[in-house]
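**Q** Going down the list, the protein sequences come from chains G and S. Just so we're aligned, residue 1 is where the first sequence starts under the numbering used here, counting upward by one. Just so we're aligned, residue 1 is where the second sequence starts under the numbering used here, counting upward by one.
Keep in mind the hints are simulated off the structure, nothing from the lab. Values in this document were obtained by computation on a predicted structure and should not be read as measured data. Each hint can be trusted.
Restraint-style ranges between C-beta atoms, simulated for each label pair:
| id | chain 1 | residue 1 | chain 2 | residue 2 | range |
| --- | --- | --- | --- | --- | --- |
| 1 | G | LEU111 | S | THR53 | 54 to 62 Å |
| 2 | G | GLY167 | S | GLY173 | 50 to 58 Å |
| 3 | S | ALA34 | G | LEU157 | 31 to 39 Å |
| 4 | S | THR53 | G | ILE329 | 47 to 55 Å |
| 5 | S | GLY255 | G | GLY146 | 44 to 52 Å |
| 6 | S | GLY173 | G | PRO17 | 54 to 62 Å |
| 7 | G | ARG334 | S | ARG216 | 47 to 55 Å |
| 8 | G | LEU11 | S | GLY173 | 41 to 49 Å |
Rough simulated footprint, nothing fancy, chain G against chain S, three-plus residues with beta-carbon under 8 Å:
| id | segment |
| --- | --- |
| 9 | 71 to 78 |
| 10 | 85 to 99 |
Backbone N, C-alpha and C define an ideal beta-carbon position, used for all residues, glycine too.
Spelled out from the first residue to the last, the chains are:
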Amino acid sequence: MNIAQRRVLLLLAPTLPACFLLAVIVGAVTLPPAELAALLTGTGDPSGGASAQLIITQIRLPRALLAAIVGALLGVSGAAMQGLFRNPLADPSLLGVTAGAAAGAAVVIVLGGLAAAGLWALSLVSLGAFAGGMLAVGLVYRLATGATGTSVATMLLAGIAVTAVAGSLTSLLEFSADNAMLRRISLWRMGGLDGASYQRVTLAAAVGLIVLALLPRYSRALNALLLGESEARHLGIDVETVKNRLIVLVAAGVGVSVALAGTIAFVGLVVPHIMRLLAGPDHRYLLPASALAGAVLLLLADTLARVIIAPTELPVGLVTALLGAPFFISLLLRRHEYAMQ
Amino acid sequence: MALQAVTVKTRRVTLLSGVSLSLAAGQVLAVIGANGAGKTSLLRTLTGELAATSGTLSVCGAAPTPRPTPRRARHLAVLPQLSLLNFPYTAEEVVNLGRTPHNSGIRVDRDIVAAALAAMDIEHLRGRLYPQLSGGEKQRVQLARVMAQVWRGADAEPRLLLLDEPTTALDLGHQHQLMAAIRRFAAQGVAVVMVVHDLNLAARYADRLLALHQGRALAAGTVPEVLTAAVIRQLFNVDVRVVKHPDTGKPEILGL
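Just chain S, same shape as in the assembly (with noise of 0.2 Å):
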C-alpha cells in the first residue's frame, strides 16, 4: 500500500493534504490525531469511498474506484466505527459473513470462521444472538467477521485490514487482548491500517505511527520518532510528559 501526496477535497472543505505513507505486509500503522483531523478520511479514501482529487495511490496494488467489487473485497477489509445489527445472526452467522466475497465452499469458510473466533478468544459466543450481546462481545464479534475476510494469503495477496477506531467500547483487559490478537494476525502478513485514539495503546503495538493535523501528516515514522511531547502538544494542544515504559522500552505518555 503506498499514497503519494494524496490531497482530498469535497467542494467546501480539505479532507486530507498532500499525505504520503507506504506500508508493507505484516506490519501495523497506527493514525493518531484530534476528532476531524482526517483519520476516518484517510480510511475512506483507501476503501474508494473518497477519490483522491490529487496525488498518486495504490492499494492492494491498484488504485482504489468508487464501484466495489468481490475481488477488492477479498484484498481489502474494513471494521467501521459503529455497526448496527439488528437482526438476530448468532455471532457465529456473523463472522461467516466476512466470507461472502469468497467462494471457497462451506468446509474452508467452517475452518477459518472456527478459526478467527479463537483468534479473538470468543468461541463461548458462537452459537448466542448477536444483538443480545455487550458492546464489547460485538466489536469482538465483528473484529472476527474483518479477519476471517481476509484470513487466508491462498484467497488474495497482498491483504490488508483497516479498522477505524478497534478499542472503542472495550475495557482495559480486552483493549490489551484485541490488540495483541491484531498484531499476531498481521504477522501472518496481512498489512493493518488502524485509528487509534488511546496513544499508549498505539505506541505498545503499532509498527509505525502517523499524526494527523487538520488533514495534514503532522509526524510519520517509527514511535519514538513520532511520540514526542512536541507532536502530541501540536495535535491535542495538552502538554504531556514522554518516558520510556520500563518493561516494554515504547514510549509511554504521562499526564492524559
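The following block holds chain G by itself, in its conformation from the complex (with noise of 0.2 Å):
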C-alpha cells in the first residue's frame, strides 16, 4: 500500500468513531453534555437522567449503528460492482436489487395491508423487500448467464429491464393504493434509517460482517479484472467463480440494506468514486476505504436530516440524493482531468 492510500486509510478510520458520537448526541433533543459526559462514560446517576438515557440507548445508538452497517455495506459494494462491471460509474442498484426491493415492499404495504401494525408491519415490510431483491437479482444473473458464462455487459442490459419491470409493478401497485400506503411507499422509498431496533442492528452486523470480511478476499481478483476478462484469465484468476461470488456478496450486501433502510442514493456510486480519486483503484485499499468512508458518510447524512428541520425528520436517502447528486455530476463535468473515459 502506498503513502496516499495510507494517509486515506488513516484519516478515515478516527473520523467514523468521531462522525458515530456526533450522531449519537446531536439531534432534536439536546442533552445537557454534563449528563451525556455521564451517561457515555456509565458514571450517571442512573435515576436521574432516565429520558436522557432512553433516547441514547434504545433511539440513538441503534441508529447510528445501523446507519454506520448499512453505510459500509453500500460503499464497499459500490466500490466491488464498479470493479465487476469495469466502470467507474456503476452502481450497485444496476442489479436490479434497489427497484425489486422497492416493488416488493410496495407489494407487502398493498397487498398486506395496513392489517398489521406497528413493528411486525415493518419487518414484514422489509421482509418484502428483501425478497424482492433478490428476486430480480436472480433474474438478472439468469438472464445474463449463458453457456460462456456470465456476461456483465448482459447484465448491465438486464439490470436495466428488470429495473423497469419492477418499477412499474411498483407504479401498478401505487395506482391501486389508497392514500395512507401511497404515504408509506413513497416514503420507504426515500430511505430511512427511523425504523432502527437493536433486532434491525443485529442483523445487519451478521450481514454485513460477512460481507466484509469476504469481499477483501477478491481484491487481487478485482485488480486484474479491472484490465479485462481474458486479460484476468492470463493472469489465473478463475473469472466465473469470481463473478458468482461477487455477485452473491454485493447481492446480499445490498438486499440487506435496502430492506432495513430503504433506497438510499448515491452512496454507493460516489464514495468508492472519491476514494478512487483519493489514492487510485487498487482494491486492497479501495474496498477498506469505501466501506469506513461509506459509513462515515451516511452517519453524517443521518445526523442531518434529523436535525435540519428538527424535530421532524427528512429521510435520508433524500439527504443523500441531495448532497450526492450535483457531487456527482460535477464528477461527470471534470472526468477528464482524472482520466476517465
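With the hints as a guide, bring the two chains together.
**A** Here's what the structure looks like:
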C-alpha cells in the first residue's frame, strides 16, 4: 500500500468513531453536556437522566449503528460492483436489487395492507423488500448467464430491463393504493433509518460482517479484472467463480441494506469514486476505504436529516441524493482531469 | 511447447486443421497469414480457451485446460490484441498486475517491475496514469506487464509468452525497439509465439515462421524456408519479390 492510500485510511479510521459520537450526541432533543458525559462514561446517576438514557440507548445508538453498517455495506458493494463491471460509474442498484426491493415492499404494503400494524408491519415490509431484491438479482443473473459464462455487459442491460419491470409493478400497486399506503410506499422509497432497532442492527451486523470479511479476499482478482476478463484469466484468475461470488456477496449486502433502510441513493456510487480519486483504484485499499467512508457519509447524512428541520426528520435517502447528485454531476464534468474515459 | 496435428472445430467452422509445431525455450516463432487464417485461434488453443477437437498438444509440460489457474499463469503470459482499461492505474501499477499469479513478495515484485519497465524503455512513464497514455505507450506498458508475469526462471520453467499483434499502434522506431526487446527477453530462456502482420519485421526478428492459410499450416520452418514469393502469393494473393537484406542478410519483401 502506498503513502497516499495509507494516509486516506489513517484519516478515515478516527473519523468514523468521531462521526458516530456526533450522531449519538446531536439530535432534536439537546441533552445537557454534563448528563451526556456521565451517560457515555457510565458514571451517571441511573435515576436522574432516565429519559436521556432512553433516547440515547434505545433510539440514537441503534440508529447510528444501523447507519454505519448500511453505509459501509453500500460503499463496499459499490466499489466491488464498479470493479466487476469495469465501469467507474456503476452503481449497486444496476443489479436490479433496489427496484426489486421497492416492488417487494410495495407488494407487502398494498396487498398485506395495513392489517398488521406497528413494528411487525415494518419487519414484514423489510422481508418483502429483501425477497423482491433477491428475486430481481436472480432474474438479472439468469438472463445474463449463458453457456459461455456470465456476461457483465448483458447483465447491465438485464438490470435495466428488470428495474423497468419492477418499477412498473410498483407504479401499478401505487395506482391501486389508497392515500395512507401511497404515503408509506413513497416514504419507504426515500429511505430512512428511523425504524432502527437492536433486532435490525443485529441482522445488519451479521450480514455486514460476512460481506465485509469476504469481499477483500477478491481484491487482487478485482484488480486484475479491471484489465479485462480475458486478461484476468491469463493472470490465473478463475473469472467465472469470482464473478458469481462477488454477485452473491453484493446482492446480499445491498439487499439487506435496502430492506432495512430503504433506497439510499448515491452512497454506493459516489463513495468508491471519491476514494478512487484520492488514492487510485487498487482494491486492496479501495474496499476498506469505501466501507469506512460509506459509514462516515451515512452517519453524517442521517445526523443532518434529523436536525435540519427538527423535530421533523427528513428521509436520509433524500439528503444523500441532494448531496450526492450535484457532486456526481461535477465529477462527470471534470472526468477528463483524472483520466476517466 | 509442442502441437501434433491439432484440429479445432466449432459447430459450424473449422478454425485449425492438422497444425503441428514445436518450439524450444529461447526461440521466437512468428505466425503469419491473412485475416481469419486462424492465427488468433492458434493462440487461443494454446491458452486453453479453445479446445482441440483432435490431435495432441502440450504447453509448458501440460495439456491446456479451459479453467485458468495461477500455476498456469506463472508459466504462460498472453498479450491480447487490444486492452481496454478505463481506471486510473499508474503505468507501474499496471505492470505490477503481471505479478498477480506469483507470491514472490513486494520486494522481488518491485525489482521485477522496475526491470520490465527498463526493458521496454518506459521508466519515465512509471507514475503516469494509464488512460492518459498514447496508444503506443499503452502497448509498451502492456508488454512490460506480460514480461513481468514470466520474468524469472526461478518462478516457473518452462516459460511461454504469446503476443497477438504486439506492434500494432506503434511507430516504426518503436516497432523495432519493441521487437528487439522481445528478442532479448526470449534470449533469457522464454519461448515466444507472436502473431505479426508486418512480414519484414517477422523476417528480421523471428527464428521460425509459421504461415497459416485457412486454418492449415501452409509452410513452417526457418525464415528463408517460409518467406518465399510462392508462399506469400498463396497467403495474401499478391505478387512480391523476396530479396536479401544487404545488412542483416535476412529475406526482405519488396512490392508490399
